[in-house]
Amino acid sequence: MRVAISYPPIVNDLGQVAMVSQNRNVQYFVAPTYLLPVVHAQAATWLRDLGHEIYWDDGNAQGKSFDQWHRDLLAWKPQMVILESTTPVMKFYWRLIERLKKEMPDCILVLTGYHSMRRPDETMKECPVDIVLRSNHVDFVLRELVPFIAGHPNWRTSCKVDGLEIRESADRWRSTGTFKQVQPLDLSPDVDRDLVQWKSYAYENGNYLRTPGTYATSVIRDCTFGKCIFCRYNGPDLTFSTRSIEKSLDEYERLIEQYGVREIFDDSGVWYRGQQARQFCEGIIKRGLHKRGCYFGINTRFAYLDEETIRLMGEANFRFVLLGLEACDDATLEHLNKGYHVEDVRENLEWFTKYGMHPHLTVMVGYYWQTQEQLDKSVATVRELMFKGLARTLQVTLCTPLDFTPYHMECIEKGVLLTNDYNDFDMSKLIVKTPIPHERYYEAIRQMYGVAFHPKFILRQLAFLASGHARDWEFLFSYGWRALRRVRQHVFNLTKARELTPPK
Amino acid sequence: MSGNIAVNLKPKVIHVRDLTARCYVLRVERLGMSFRAGQSITLGVRRMRVNREYTIYSGEQDNFFDVLIRDIQDGIVSPALRRCAPGEELECAGPYGSFVIEKPEDTSRRHLFVATGTGIAPFHAMARTHPNLNYRLLHGVRLLEERYDMADYANYVACVTGEQVGDFRGRVTDYLKQHPTDPQTICYLCGNGKMLSEAYDILRGQGVPSDQLHVEAFF
Ligand SMILES: Cc1cc2nc3c(=O)[nH]c(=O)nc-3n(C[C@H](O)[C@H](O)[C@H](O)COP(=O)(O)OP(=O)(O)OC[C@H]3O[C@@H](n4cnc5c(N)ncnc54)[C@H](O)[C@@H]3O)c2cc1C
Ligand code: SF4
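Note that the protein sequences, when read in sequence, are chains A and B. Using my numbering, you'd call the opening residue of the first sequence number 2 and step up by one each time. Using my numbering, you'd call the opening residue of the second sequence number 3 and step up by one each time.
I should point out that these hints are in silico values taken from the structure, not numbers from a laboratory. Wrong hints could be hidden among the right ones.
With a cut-off of at most 25 Å between alpha-carbon atoms, the simulated SDA-like pairs for lysine to any residue come out as follows [as the list claims (entries may be wrong)]:
1) A:Lys248 to B:Gly195
2) A:Lys161 to A:Phe149
3) A:Lys78 to A:Gly60
4) A:Lys287 to B:Gln75
5) B:Lys12 to A:Glu374
6) A:Lys102 to A:Leu188
7) B:Lys196 to A:Leu188
8) A:Lys92 to A:Asn421
9) A:Lys457 to A:Gly207
10) A:Lys92 to A:Asp50
11) A:Lys378 to B:Arg49
12) B:Lys179 to B:Asn194
13) A:Lys355 to B:Val47
14) B:Lys105 to A:Ser176
15) A:Lys200 to A:Asp50
16) A:Lys389 to B:Arg49
17) B:Lys105 to A:Glu414
18) B:Lys12 to A:Asp330
19) A:Lys161 to B:Gly195
20) A:Lys248 to B:Gly77
Chain B stretches covered by chain A per the calculated footprint, using a threshold of three residues with CB under 8 Å from any CB of chain A [claimed, not checked]:
21) 8-14
22) 26-38
23) 94-100
24) 201-215
For glycine and all other residues, C-beta sits at the position ideal for the given N, C-alpha and C.
Isolated chain B, as found in the complex:
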């Protein structure tokens, strides 16, 4: 229950910023749509008649929308959006979802953000929107180059599986097992279903109440 009523818009592409061979940030006009950090929109290339959900990567105060997208080989929408030229009109609807911070102004509340890959998108929006937020972000990546815009975070831990470097070598779930979480922490998990499920079990096992666990699945 978002609190916002969704709108259908036709924003123009501002630019595409390539981050890696497989990942990019698409910037589009915001056209006055209000949203809360952590919410998503649907995006589609015009006349393609197919759209997908993307979490807004930019902050509530930015006058554009950024989305962080993994370009899926043989995918439909994600490669098509990457090919868009500046000025091209897209189909956009939203905002949607309730994966938002409940009391961002309360800096005494400790947050743990756990993401894999592009699942970092909602946390980027949250960190940008609420600079005083008390949080730690665990980001599961295969390669170091996937630490997208890491300088934008106050407390970022890269859990790297494909290279012998990084803040932590191993999966986010390994990190969680080795660094038990204080049960008072409010936890937000975002990414693929398998990680969410495993991380959820670990955190429950460490005493984090289920009411303090928020989950957003991308696939």
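Isolated chain A (complex conformation):
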């Protein structure tokens, strides 16, 4: 079959492009950040290996306008188009599917993504999509679905592959049940870098200190923890599965040797912990990959990695460590099911910095219960951690209920949502009722980002230079500049925030 895996460019009235893919929150940016959708890239590779023709069609990363993307897709004459969506761009996708269906009536349109996965009926009603995936294990579902469709003209009624909502006629569709949650992850192939045009993602990514950088094929599917209430990896339909260490090390070696990659990031919800983390680092060191000028980066959570493991990570040339510090008061951490205490944070960060890593904090504000006191704690703690050099960079976002996560459901149940228009869920403004005015949260974000321009922070970065690590010089001169650009972008987005009033 001729299968297109497509990401249309989505541009808002401010000329900003939406970043959509996997467990990421859609945000609109002028300065581009191109993130490889790893699971879809594995799906593309797997389908190609099974003999299907694949069109890797990321209009954003390939720098296309919407019209260009659209023309190219139609000209390729796909038999199936696979799209990925999330709450804030659902309406865009429904209209796009309507249009594509008119233009290519025989083409099978498939929608993936966490929103439609959890509410397939809604999407079936709203647009003429043929299939909605009820699983985020897109690669495993498609490797069964595509060959089935290719061999069965009556697939609409006969297909029994788990994890699908299939349209049988204009107003009738059926479910094939939930999809298997635990996969032998090693079955899914490593991403074929050439197939997905890896270079189009290798430079414009704010998290790389060195380029070209790339995303590894993730070692954990979903999240070992998977309990945080705002996270898409929390759901009764999800657990986690793990890739083998050796397979992953082989990929790292190939990326460095064959592709000359200089920074590798693993975007698993949380990366390995304990024994597996140590075995991975030992493998890197044994293969000499820590001396090849390539940095490694991961997502983790507080209270997960112990000091000895972090020491080994330092030795193995890990640099970028992304940690969610969603709040700095225990009541909020409890409510969010974060599974750690505020007091764990400082010591964990001390270990990372002691062994030369650059912790990046992802902070959130604007929970529907968050008081001024709780907000002030976040601002004060984050500023202190940055001034002390315990964290190097940060990203602050407005907590936005999305994709029917437990937080989203809770906001619906408590009646605190200020809008039902999915377009409003784009994280540019608060969309929940809060105990203090929204402006206070925006101000808190400005204060946290303001750290980047503060003399104390700059002096701290200069002090790091004494450590003699090349990464600290690189940080100050190249990455620091890019980080400032991103800070400006975030602050700009906030000043453009349109306020919502409660619906009557």
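Position chain B with the ligands against the provided structure of chain A, taking the given hints into account.
Only chain B with the ligands this time, still in chain A's reference frame:
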């Protein structure tokens, strides 16, 4: 989606009960935390700044928490918890998870529980909490001594791989292949990812709908 809001507590250790050289039950204060059988908590030794998830082994009606833990050689948290003395304060948060029985009061619903090793923990909590539950438990172990607290179950089948004894010689997956499951059964699988994946495929192949298969991975 648990239905409970998680809390952070600092319970004291009541005692450690050794079951085998590698496995023990840790009993800690419950401190009023409510939970549903099958849910887990995170536990860590104080000031260690590292925690791990453990499924609650005791019943909803017990006024303490038991957890069944495998002491992992070179592990971080599992050996540290074993060394705790009574009275020592731990870090605890939870409860978490949705690996729970949907309608425990409905005794006409047949349940199949499949576990390997410490993956039996949620089923112990379920069996204790819902004594009238209609279930069969398959427990995959290497040695007979790993049939932890087997007397606590109404319908327990040990699938033993390392000794020529036991209710069934072989893996739980071998048992499943040889004893096909009625597709009406509601199945809960807990343990390591490899077993879960294989058992899932077998049960699907025997006609159990995917909506009736619940999975909890430990590692
Ligand atoms: C939802 C959930 C519930 C869990 N419930 C339990 C439980 O009730 N009892 C329990 O003992 N563990 C349970 N675990 C596993 C537990 O969280 C830890 O992974 C385990 O205690 C090892 O931690 P560690 O720091 O000692 O070792 P680490 O250094 O983190 O490494 C441990 C390694 O040991 C292996 N391993 C982990 N758990 C087990 C196990 N139970 N049996 C055999 N090998 C294992 C894995 O390969 C892992 O990489 C659960 C995990 C999850 C995600
Ligand atoms: S630890 Fe991170 S990835 Fe995992 S559930 Fe929580 S927020 Fe999601």
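Status of the hints after comparison with the structure:
At most 25 Å may separate the alpha-carbon atoms for a hinted pair to count; Lys248 (chain A) and Gly195 (chain B) meet this at roughly 17 Å. With a CA separation close to 9 Å, the supplied pair Lys161 (chain A) and Phe149 (chain A) stays within the 25 Å bound. Distance hint between Lys78 (chain A) and Gly60 (chain A) is fulfilled; the C-alpha atoms sit about 16 Å from each other, no more than 25 Å. For the proposed pair Lys287 (chain A) and Gln75 (chain B), the alpha carbon gap of about 22 Å is at most 25 Å, so the pair holds.
Distance check on the hinted pair: Lys12 (chain B) and Glu374 (chain A) sit about 24 Å apart at the alpha-carbon level, within 25 Å; holds. Taking the CA atoms of Lys102 (chain A) and Leu188 (chain A), the gap is about 33 Å. The hint is violated against a cut of 25 Å. In summary, the hint linking Lys196 (chain B) to Leu188 (chain A) is supported, as the alpha carbons are separated by about 12 Å, within the 25 Å threshold. A threshold of 25 Å between alpha carbons decides the hint, and for Lys92 (chain A) with Asn421 (chain A) the separation of about 12 Å falls inside it, so the pair holds.
Restraint check for Lys457 (chain A) and Gly207 (chain A): the C-alpha separation of about 23 Å stays at or below 25 Å, so the hint holds. Straight-line distance between C-alpha atoms of Lys92 (chain A) and Asp50 (chain A) comes to about 33 Å, which puts the hinted pair past the 25 Å bound. The suggested pairing of Lys378 (chain A) with Arg49 (chain B) holds, with an alpha-carbon distance near 22 Å, which does not exceed 25 Å. Under the criterion of a C-alpha separation no larger than 25 Å, the hint pairing Lys179 (chain B) with Asn194 (chain B) is consistent with the structure, at around 19 Å.
About 22 Å separates the Cα atoms of Lys355 (chain A) and Val47 (chain B), which keeps this hinted pair within 25 Å; it holds. For the hint linking Lys105 (chain B) to Ser176 (chain A), the alpha-carbon distance of about 23 Å falls within 25 Å, and the restraint holds. A hinted pair counts as satisfied when its Cα atoms are at most 25 Å apart, and Lys200 (chain A) with Asp50 (chain A) qualifies at roughly 21 Å. With a C-alpha separation of about 21 Å, the suggested pair Lys389 (chain A) and Arg49 (chain B) falls inside the 25 Å cut-off, and the hint holds.
Distance hint between Lys105 (chain B) and Glu414 (chain A) is fulfilled; the C-alpha atoms sit about 23 Å from each other, no more than 25 Å. As the CA atoms of Lys12 (chain B) and Asp330 (chain A) are separated by approximately 16 Å, the hinted pair is consistent with the 25 Å bound. With a CA separation close to 24 Å, the supplied pair Lys161 (chain A) and Gly195 (chain B) stays within the 25 Å bound. In summary, the hint linking Lys248 (chain A) to Gly77 (chain B) is supported, as the alpha carbons are separated by about 23 Å, within the 25 Å threshold.
As drawn, the stretch 8-14 of chain B meets chain A at 3 residues by the rule of a beta-carbon pair under 8 Å; at three or more, the given contact holds. Residues of the stretch 26-38 of chain B lying with their CB closer than 8 Å to a CB of chain A number 0, which falls below the three-residue condition for coverage. Counting residues of the stretch 94-100 of chain B whose CB falls under 8 Å from any CB of chain A gives 5; the rule of at least 3 is met. As drawn, the stretch 201-215 of chain B meets chain A at 7 residues by the rule of a beta-carbon pair under 8 Å; at three or more, the given contact holds.
Checked against the numbered hints listed earlier, the structure breaks hints 6, 10 and 22; every other hint is satisfied.
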